[in-house]
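Asker: This is what each chain is made of:
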Amino acid sequence: MSSRSASPGLRRTARVLGLASTGLGVAMLRNPVGVARASGVDDSPTALSVIPVVGARELLHALPLLAGRPGWAWTRIAGDAMDLTAMGVALAHRSGDRRRRLRAATVAVGGLAALDLLTAARSRRRGPARDLLPGSAPWKGAIDVSAATTVNKTPEQVYRYWRDFSRLPDFMAHVREVRTLDDGQRSHWVAEAPGRRTVEWDAELVEDRPGELIRWRSLPGAGIENAGSVEFRPAPGRQGTEVRVRLAYAQPGGRLGKVVAGLFGESPEQQVRDDLTRSKQVLETGQVVRSEGSPEGPLAARLTHQRPATARS
Amino acid sequence: MRATQWMGKNHVEVNEVPDPRILNDRDAIVKVTSTAICGSDLHLFDGFIPTMKKGDILGHEFMGEVVELGRGVGNLKVGDRVVVPFPIACGACTACERGLYSVCENSNPNARMAEKLWGHSPCGIYGYSHLVGGYPGGQAEYARVPFADVGPLRVEDDLTDEQVLFLTDIFPTGYMGAEMCDIKGGDVIAVWGAGPVGLFAVASARMLGAERIVAIDRFDYRLDKAREAGATDVLNYEEVDVLDALKEITAGRGPDGCIDAAGLEATHPTTAVDAYDRAKTAVMAETERPHALREAIMACRNGGTVSIIGVYGGLMDKFPVGSLMNRSLTVRTGQAHVHRYLRPLYEKIRDGEIDPTFLISHTLPLDQAPQGYRMFRDKEDDCTKVVLKP
Chain D
0 MSSRSASPGL RRTARVLGLA STGLGVAMLR NPVGVARASG VDDSPTALSV IPVVGARELL
60 HALPLLAGRP GWAWTRIAGD AMDLTAMGVA LAHRSGDRRR RLRAATVAVG GLAALDLLTA
120 ARSRRRGPAR DLLPGSAPWK GAIDVSAATT VNKTPEQVYR YWRDFSRLPD FMAHVREVRT
180 LDDGQRSHWV AEAPGRRTVE WDAELVEDRP GELIRWRSLP GAGIENAGSV EFRPAPGRQG
240 TEVRVRLAYA QPGGRLGKVV AGLFGESPEQ QVRDDLTRSK QVLETGQVVR SEGSPEGPLA
300 ARLTHQRPAT ARS
Chain V
0 MRATQWMGKN HVEVNEVPDP RILNDRDAIV KVTSTAICGS DLHLFDGFIP TMKKGDILGH
60 EFMGEVVELG RGVGNLKVGD RVVVPFPIAC GACTACERGL YSVCENSNPN ARMAEKLWGH
120 SPCGIYGYSH LVGGYPGGQA EYARVPFADV GPLRVEDDLT DEQVLFLTDI FPTGYMGAEM
180 CDIKGGDVIA VWGAGPVGLF AVASARMLGA ERIVAIDRFD YRLDKAREAG ATDVLNYEEV
240 DVLDALKEIT AGRGPDGCID AAGLEATHPT TAVDAYDRAK TAVMAETERP HALREAIMAC
300 RNGGTVSIIG VYGGLMDKFP VGSLMNRSLT VRTGQAHVHR YLRPLYEKIR DGEIDPTFLI
360 SHTLPLDQAP QGYRMFRDKE DDCTKVVLKP
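Line order of the protein sequences matches chains D and V.
Everything in the first sequence is counted per numbering that gives the first Met the number 0, starting at 0 for the first residue and increasing by one.
Everything in the second sequence is counted per numbering that gives the first Met the number 0, starting at 0 for the first residue and increasing by one.
In isolation and in its complexed conformation, chain D is listed as follows (with noise of 0.2 Å):
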């Protein structure tokens, strides 16, 4: 449901580093001796029982980052920076042939390490939020997520109940109340946030394509800062309409904030895949079907405040 996949050129430096990295793994661990000669440490008992334990480190780092997950290159800033640190001090007490082999050897490891460093903080930076508001904001730790469901409507007919804003409140579980305002492409919302707080943003449309897409986002100064996109496109075999939503904003307190939300059974993935759910319930049955036995969680606490409706006997 929720992506937070690195880009592939990023996928392939990791596994570039991780090949790296096996290459010095190996060869500290099968052959200690010529590696500490190579680095001009040879002179040195105690650089003989480092190397195989550096060695196994290096393969450590290896397996995550042959798998391509470049968020791992941190790991071996760490190790780099031990190794630059004990290389530094061996500089200091070495001379002569010895002194250039070291020498060349910690340009190498300096090097590795500004590119284990350049991998590390773009698989930060890359929040995938970023793609769907370029430019906008700083998304980093953004909650981003997605969810879809068919419904049995055209695709006109449910981007009409969609673009009509102040109706989304009937389905997701924590929108109090959207207002559009003056011009129509701006509109005040109003949320539930944990611990009874409520928060406001104002909001704009990005895109707008009748029976197709809306795009929305938060204005400067939201107090959740945050975007979505809803797209209808026709079911294969006349099955009505998908409609995929995505979804990605700032929690407040990033992504501890998420974990502890997730401890109350607030898991941003399953709030969307709820509300949508219920769009489909509204658009479909005409109102979000209702049992006594409601499961727990927030979800229940708001359908026990819903009002019956009005009998006729």
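Check the hints yourself; a few may be wrong.
[Unchecked claim] Here are the in silico distance ranges between beta carbons for each label pair:
{"#": "1", "chain 1": "V", "residue 1": "F318", "chain 2": "D", "residue 2": "L114", "range": "47 to 55 Å"}
{"#": "2", "chain 1": "V", "residue 1": "V330", "chain 2": "D", "residue 2": "G222", "range": "47 to 55 Å"}
{"#": "3", "chain 1": "D", "residue 1": "E155", "chain 2": "V", "residue 2": "I359", "range": "24 to 32 Å"}
{"#": "4", "chain 1": "V", "residue 1": "K52", "chain 2": "D", "residue 2": "L204", "range": "42 to 50 Å"}
{"#": "5", "chain 1": "D", "residue 1": "A147", "chain 2": "V", "residue 2": "T362", "range": "47 to 55 Å"}
{"#": "6", "chain 1": "D", "residue 1": "V88", "chain 2": "V", "residue 2": "V282", "range": "57 to 65 Å"}
{"#": "7", "chain 1": "D", "residue 1": "R159", "chain 2": "V", "residue 2": "K76", "range": "30 to 38 Å"}
{"#": "8", "chain 1": "D", "residue 1": "A234", "chain 2": "V", "residue 2": "K76", "range": "45 to 53 Å"}
{"#": "9", "chain 1": "D", "residue 1": "R196", "chain 2": "V", "residue 2": "Q367", "range": "47 to 55 Å"}
{"#": "10", "chain 1": "D", "residue 1": "A66", "chain 2": "V", "residue 2": "D377", "range": "55 to 63 Å"}
{"#": "11", "chain 1": "V", "residue 1": "L314", "chain 2": "D", "residue 2": "L62", "range": "29 to 37 Å"}
{"#": "12", "chain 1": "V", "residue 1": "E96", "chain 2": "D", "residue 2": "A147", "range": "17 to 25 Å"}
{"#": "13", "chain 1": "V", "residue 1": "V77", "chain 2": "D", "residue 2": "R159", "range": "30 to 38 Å"}
{"#": "14", "chain 1": "D", "residue 1": "A37", "chain 2": "V", "residue 2": "L314", "range": "39 to 47 Å"}
[What the hints assert, rightly or not] Some, not all, of what chain V presents toward chain D, calculated at C-beta under 7 Å:
{"#": "15", "residue": "N23"}
{"#": "16", "residue": "C89"}
{"#": "17", "residue": "A110"}
Simulated from the structure, these hints should not be mistaken for lab results.
Glycine is no exception: its CB is placed at the ideal position from the N, C-alpha and C atoms.
Dock chain V against chain D, hints included.
Answerer: Showing chain V alone in chain D's frame:
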């Protein structure tokens, strides 16, 4: 009002609970005049279905009189006498449009729970755990009926409750089990389980033109009922080897259609096999004891159909998929799409083609529901079907 509540494994009570209310525009409130204990209620009673909560109101076979209507129900009047199908269906989603009412996409508000267990959610069902909506059941004085403009069928006063009550579940379920076998003249149909659903499957196979119908059970009184329903042969699996006997009956071919009307609590005459599944279900390593289904697959003729209407919950072990694949078998299954069958089966009852009352063995006041559950589960007093009167 008074209602039958699930209070834990092997424990039901009849207690005073709040009256149901109209919660959606398309709801109706029905004053229950007759309700029944279903074989699937026994799976709840025995604690096999997850997500039951203490105090849940049981029962999904019920009928009665409309006493209150939401403003969105235009086709019913207060005072109408209705039978209520056990699947709750919206009538508007793609599944409902295709007549697949028991997989309605909108009627389970707890769809997320069902999706975790089954990948996708089926419809909501009355009194049948929170996995399928947590709707209170109908073993009560009153019941809330969602989508009342889609489900309930109005019935004439000249038919008794007992004649039409089983349209809510077991008759359509048994009928669908037989229908899924695509019976042609001359077909031999075997039915595992001679409980209420199995008996209706037998009766339906007969109505659909099967030539020989074999009922399989371990209680002779139930097998006698099966004969009454139209079985030409009966097998007591504690006395004969079912696979051998079916080969004998069909001169080696095997039955053309095999209906599993037993479900997840089947027993097996061989102690070791039975113990294997009992042990695995006890530690939740599987949720079923699928003896009947395994046997139905093994018994079916090459190219035949296995029709599963017995209830299963989750995961089973030792599924004879090799037999299924290599012998070109067809498996068809589903909770009954009751809405589809209501009117035609009602007409069959009106026309006297079938009298569903033959399987009722006990009629009890609602307050005696706990005894009813025990008696039905333990097959005491030749119990075949318990009807409760609130």
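Asker: Against this structure, judge whether each hint is valid.
Answerer: Status of each hint after checking the structure:
| no. | hint | result |
| --- | --- | --- |
| 1 | F318/V with L114/D: 47 to 55 Å | 52 Å, holds |
| 2 | V330/V with G222/D: 47 to 55 Å | 54 Å, holds |
| 3 | E155/D with I359/V: 24 to 32 Å | 53 Å, violated |
| 4 | K52/V with L204/D: 42 to 50 Å | 44 Å, holds |
| 5 | A147/D with T362/V: 47 to 55 Å | 50 Å, holds |
| 6 | V88/D with V282/V: 57 to 65 Å | 58 Å, holds |
| 7 | R159/D with K76/V: 30 to 38 Å | 34 Å, holds |
| 8 | A234/D with K76/V: 45 to 53 Å | 38 Å, violated |
| 9 | R196/D with Q367/V: 47 to 55 Å | 52 Å, holds |
| 10 | A66/D with D377/V: 55 to 63 Å | 57 Å, holds |
| 11 | L314/V with L62/D: 29 to 37 Å | 33 Å, holds |
| 12 | E96/V with A147/D: 17 to 25 Å | 20 Å, holds |
| 13 | V77/V with R159/D: 30 to 38 Å | 36 Å, holds |
| 14 | A37/D with L314/V: 39 to 47 Å | 58 Å, violated |
| 15 | N23 | 5 Å, holds |
| 16 | C89 | 5 Å, holds |
| 17 | A110 | 6 Å, holds |
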